[in-house]
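Enquirer: Next come the chains, spelled out residue by residue.
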Amino acid sequence: MVKRIIVGAHYGLRDWIAQRATGVYMALYTVLFGVRVLMLPDYSHASWQALFSGGCMAFATFLFFLSLFYHAWIGVRDIFMDYIKPTGLRLALHLIVAFLLVGYAGWAAQILWRLAA
Amino acid sequence: MSETTVRKRPKHLALHQIRQPIPAIVSILHRISGAGLFLMLPLLLWLFDRSLGSATAYDAYREVVAHPLVKLVLFGLLWAYLHHFCAGIRFLLLDLHVGTDLQAGRRSAWAVLVVSLALTFVIGVALW
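If you read the sequences in order, they're chains A and B. Under our numbering, the letters of the first sequence match residues 1 to 117, in that order. Under our numbering, the letters of the second sequence match residues 1001 to 1128, in that order.
Think of the hints as simulated: they come from the structure by calculation, not from any bench.
Per the computed footprint, the stretches of chain A lying under chain B, defined by three or more beta-carbons under 8 Å from a beta-carbon of chain B, are:
{"#": "1", "segment": "36 to 50"}
{"#": "2", "segment": "62 to 76"}
If you want the footprint, here are the derived chain B segments under chain A, 3+ residues with CB under 8 Å:
{"#": "3", "segment": "1034 to 1041"}
{"#": "4", "segment": "1078 to 1089"}
Fair warning: this is a prediction, and the values are worked out from it, not measured in the lab. Beta carbons are placed, not taken as given, at the ideal position from N, Cα and C, and that holds for glycine.
Given these sequences and hints, build the entire structure.
Expert: Below, the structure is given as structure tokens:
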């Protein structure tokens, strides 16, 4: 019998599911994006802007970015947990990544909804 | 965490001496490609921002992506995205217990490597 003491903050399953849910959404979006790009009438600046200026596409793209940043958070955090042993340094890196990703989300929103304005 | 495992087991983790099986290579490339994509997010977001901006911004975008070095980096990131995409789908299927035996695992790992490289080549040539 394995002697084991159960420890941890119990975020494992939630993150495991989130990593897969965001991955599935991004995979579906990638296929949709590929199809939409192939269907563009031409590869001009105007068509490229038109592709993202529709409400549905802007919404789907913003969700893609949120999925990407959440997915990146879990992935990068796991990499740090595997390789960065000093707790203080790891915590500092976690904070930097978290702040960066929240900032990126704001930037993505600005890029997308500037078009509609 | 030291209390969680009581037994001491021998370890052989000399990475340069171990011949990694193909699924292990796909797995570590999944991690490396993910890390690379994360590190390059500022560049990608900046390019996306410029490409959707005003005519002046769009010209700046065109100028930057025309640079051979930038093209090379974007080519690498294209591969990173496609590898991460293909390997991710493989991992999702493994989660669903699809193709978990040794032969199927090796075949799907090879498929990930080949398909992602082929897609990178096709899309890369189309965009170049």
